[in-house]
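Visitor: With the hints as constraints, model all of the structure from the sequences given.
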Amino acid sequence: MRYAIALPFLWLAVFFLLPFALVLAIALGTNAPDVAPPVELGFSFKNFALLFSDDLYVAAWLSSLRIAATSTLIALLLGYPMAYAIARARPEWRPLLLMLVVLPFWTSFLIRIYAWMGLLAKNGLIDQFLRWSGIADNPGSILGTEWAVHLGIVYAYLPFMVLPLYATLEKLDTSLLEAAADLGAKPLTAFLTITLPLSLPGIVAGCLLVFIPSIGEFVIPDLLGGTDTLMIGKVLWDEFFTNADWPLASAVAICLLILLVGPIALFQRQQARSLERRT
Amino acid sequence: MHAGPIADSIVRIEGLTKRFGAITAVDGVDLEIQRGELFALLGGSGCGKTTLLRMLAGFEVPDNGRIVIDGQDMTGVPPHLRPVNMMFQSYALFPHMDVATNVGYGLRREGVKAPEIATRVAEALEQVKLANHAARRPAQLSGGQRQRVALARALVKRPKLLLLDEPLAALDRKLREGTRFELVRLQEQLGLTFVMVTHDQEEAMSMATRLAVMNTGRVAQVGTPHEIYERPASRFVADFIGIANILEADGGWLAVRPEKITLSANRLDAANTVAGKILDIAYEGDRSLYRIVTEGKGTLVVSTTNIDRTRPASFARGQGVWLGWSAEAGHRLSE
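Respectively, the protein sequence lines represent chains L and B.
According to this note's numbering, the first sequence holds residues 1306 to 1584 in order.
According to this note's numbering, the second sequence holds residues 1440 to 1774 in order.
Keep in mind that the hints are not guaranteed to be accurate.
Think about it this way: if two alpha-carbon atoms lie no more than 30 Å apart in a straight line, the pair counts; the simulated DSS-like pairs of lysine-lysine are [what the hints assert, rightly or not]:
#, chain 1, residue 1, chain 2, residue 2
1, L, Lys1491, B, Lys1599
2, B, Lys1699, B, Lys1716
3, B, Lys1736, B, Lys1699
4, B, Lys1568, B, Lys1552
5, B, Lys1736, B, Lys1716
6, B, Lys1552, L, Lys1491
In short, the hints are calculated from the structure, not lab data.
Guide: Below you can see the structure in the form of structure tokens.
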């Protein structure tokens, strides 16, 4: 019984710490294409140095950050009204509406992204509709653009935005809004001065839950994006599988991890604080 | 003090009705509230008093009838444009703002300049004796302090009408009594009109200048506490406020309050006398309540004031006694 407490640590050690040590060891080695696995162990930081000196990696980084940030913003702008509407819906409707938000999870993520490929492709449903309705004569393929990548990320991660927002908005005491109105606040002012600041914990949680996985996203930019869509997750994949440069790919993975530690720590601190406030 | 009843009126409620589905919460209420009054809406839960208050604030839209505040028809006027402020039962303080920011909220909405806001907020906090708590968050305050912040936040706007929804319900008993006097003092000092909702008859009787007793969405009686107690209009009001003995007399009903009846071991020289036997005695410290089975008048409740500290109880359970009351002791009920 008293050893049961060690189980989570054992789990972390086997499935996180050990793999991390392996990846770190590979990242410090050198590429050796003739052996299997193609690594020659060593202790050199040249792979890391390359990441910072080569424009490709820096550009991939910046573009990942940009795409993740704009996608997060779009998800927030879409998710907030959704969460607000669900929280203000009649109580008997809320479980159904929440289920609709998470319903897409019942289908595999990969299949849903493939479905979007079909929708966005040239002569796909959306393309056909645009031409048929006369909105655009020759819209061309949306597939393979950064638009499609944004769309895919927003689509895939929107529930992660809606759920924490719903949780904070649902808890909001409606008498606070009545008090604001009573004191002379127009509905918009009441929203900006009461609802918005009080839902800030949900906004932060939702944004981080969308932003963190978006940065390292590989499937969406690979399937929906074009050759010019540069994201760090895709670079990692290319280094590993196309160039078979394991040490460089490992270095990319480690940098990705280190750079995500910041937002993840922020998320956890925020969670701990809102937990504290509740007690 | 004032000229006439029409000039005095600040709120006029005409035929106000509000239905929630099949339930009629407020059913054709007519009321007139005078300027400078502390008016109480008294009734049990579900009597419609809170719905009526919420219609005054604009949170509920009446199905019929109208509300006129200071000569202005409030039909279609949203809450943020009404010249009234409300103190919520839950206080509804903004948890993310400190006390001064909470109190200044309404003034900022009016576009009052920052220096004036600071002065008026300080003044309002002074009035509720919270001057040195301005920088605290609501979570750092006690229940009584929160209540006073809510009061200051509503008062600082100098509303024509201050609505108070069960203002003392969330306080413990000791604090409640002190706060009662405090509220009345503020109301008189500021010369404002208060409309208060309460389910506590003692609270309504001791604070209000006039009150409306409500029952199933209707006003059962409007009057001063004295009128309501001594001259109840109906059996409902007589029963609801204090204790009343309802006697049949000349084909009608007569309400006799327990303290109007004299209790004696011997036959009394009074307009009305009846013999009985003591069924129960409830000793309440300041007074004792006797339940007495009488010959022909049913079970009556009589109270005696315990004036003498050293004298032992005069009557014992099971003892035969005489009850007597004067000709004016009872009030004839109209229904």
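Visitor: If a hint holds in the structure, say so; if it does not, say that too.
Guide: Status of the hints after comparison with the structure:
With a C-alpha separation of about 20 Å, the suggested pairing of Lys1491/L with Lys1599/B holds against the 30 Å cut-off. With a CA separation close to 18 Å, the supplied pair Lys1699/B and Lys1716/B stays within the 30 Å bound. Only pairs whose Cα atoms come within 30 Å are accepted, and Lys1736/B paired with Lys1699/B is accepted, the gap being roughly 16 Å. Of the supplied pair hints, the one linking Lys1568/B and Lys1552/B holds, its CA atoms being roughly 24 Å apart against a limit of 30 Å.
For the hint pairing Lys1736/B with Lys1716/B, the CA-to-CA distance comes to about 12 Å; that is within 30 Å, so the pair holds. The suggested pairing of Lys1552/B with Lys1491/L holds, with an alpha-carbon distance near 19 Å, which does not exceed 30 Å.
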